[in-house]
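Asks: So the protein sequences, as listed, match chains P and W. All residue numbers for the first sequence refer to our numbering, where the first residue is 1 and numbers rise by one. All residue numbers for the second sequence refer to our numbering, where the first residue is 177 and numbers rise by one.
Check the hints yourself; a few may be wrong.
Said to hold, decoys possible - Below, a sample of chain W positions facing chain P; criterion: calculated Cβ distance under 7 Å:
#1 Ala-226
#2 Gly-227
#3 Pro-244
#4 Arg-245
#5 Pro-247
Claimed, not checked - Below 25 Å or equal to it, Euclidean Cα-Cα: the simulated PhoX-like pairs (lysine-lysine) are:
#6 P/Lys-98 <-> W/Lys-222
#7 P/Lys-98 <-> W/Lys-253
#8 W/Lys-222 <-> P/Lys-73
What the hints contain is simulated information worked out from the structure, not anything from laboratory work. Given the structure is predicted, the values throughout are model-derived calculations rather than measurements. Ideal Cβ placement from N, Cα and C applies to all residues, glycine included.
So the chains spell out like this:
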Amino acid sequence: MKKISKQTSLKELALIVCDCLKQDKIDAVLTGGAVVSIYTSNKYQSFDLDFISYASSEKITASLAKIGFKKMKGRYYCHSQSDFFVEFPSGPISIGNKPIKKFNEISTEDGFLKLLTPTHCVMDRLAAYYYWNDQESFDQAIMVARNYEIDIEEIKAWSEEEQMVVKFDFFLKNIA
Amino acid sequence: MLEKLFGSKSAEMLFYFMLVYEKGYARKISEVFGISLNSIQKQFLKFEEAGIFVSFLEGRTRVFQWNPRYPFLIELKALIRKSYEYLPDSEIEKYFKSRTRPRRTGKPL
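Let the hints inform the model, and build the full structure from the sequences given.
Replies: Listed below in structure tokens is the structure:
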């Protein structure tokens with residue numbers, strides 16, 4: 001396993017963390033802005049890695065201690081050699097009121113990473129735009145949608161359920 | 177009624193408040209119910225961590241509201257609504273009838 005240093009990128013760190021957890025039989029999925037960073041090759045730079053896991057805080061803390069992470073106040077973990085934070089927000093993994101069970105997986109020499117698919121990453125960002133008019137999240141959704149093949153029909157169906165058709169149409173115009 | 181489920185009386189009252197007014201801040205709620213500010217703040221933080229509420233700064237006040245992305249929001253609010261309906265009218269009159277419509281700036285009371 002690669003050693004964590006100041007030069008370790010967000011993606012490398014995500015791979016190291018997820019791999020470490022996996023070795024301790026802890027299932028964790030990367031969500032949020034870090035996924036955008038990975039799918040846009042850091043056009044958008046996130047500084048926190050949000051993993052959702054059903055494992056206990058004690059198990060996660062013990063596992064991450066092996067690679068040098070310390071638990072801070074709340075649900076944050078930090079590493080003396082990294083500027084990135086690792087966080088474990090409450091689950092479940094969902095978009096709207098539907099659970100998400102299909103994920104993307106990346107394996108490299110740095111480790112293994114389970115993360116949202118590009119389609120679910122776009123939906124995750126659009127949710128912030130739909131509910132809070134967050135323009136940064138909208139821009140991130142566009143960036144990912146332009147870089148990857150996404151399931152427009154799934155996003156459209158979800159947007160209709162959320163009664164966000166007007167905002168969905170605006171999103172569609174912007175990725176064309 | 178839901179005190180045991182939610183963990184405390186202040187949590188139960190907090191949920192009723194949020195059901196009726198949709199958003200709120202700790203000092204206001206502590207004043208309405210006569211519950212310590214610290215207790216309400218702790219409840220808010222706990223439920224924010226659980227994803228039930230989100231918060232925004234308005235000036236220097238942290239205002240909480242329901243998290244529209246919480247996957248069990250509809251079901252949770254339905255449970256709280258049902259419990260709220262069982263509250264005695266006197267409790268509803270006492271705590272949940274504050275004016276919510278706007279008041280124009282400078283208008284005499």
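Asks: Would you mind marking each hint as holding or not holding in the structure?
Replies: Going down the list of hints, with the structure as the test:
The criterion of a C-beta within 7 Å of any C-beta in chain P is met by W/Ala-226, whose closest approach is roughly 5 Å, and the hint holds. This hint holds: W/Gly-227 has a C-beta 5 Å from the nearest C-beta of chain P, less than the 7 Å allowed. With a cut of 7 Å, the hint placing W/Pro-244 at the interface with chain P holds, because the nearest CB-to-CB distance is about 4 Å. Satisfaction of the interface hint for W/Arg-245 is found here, the shortest Cβ-Cβ separation to chain P being roughly 6 Å, below the 7 Å cut-off.
This hint holds: W/Pro-247 has a C-beta 4 Å from the nearest C-beta of chain P, less than the 7 Å allowed. A threshold of 25 Å between alpha carbons decides the hint, and for P/Lys-98 with W/Lys-222 the separation of about 23 Å falls inside it, so the pair holds. A threshold of 25 Å between alpha carbons decides the hint, and for P/Lys-98 with W/Lys-253 the separation of about 17 Å falls inside it, so the pair holds. Proposed proximity of W/Lys-222 and P/Lys-73 is supported: the alpha carbons are some 13 Å apart, at most 25 Å.
Checked against the numbered hints given earlier, the structure satisfies every one of them.
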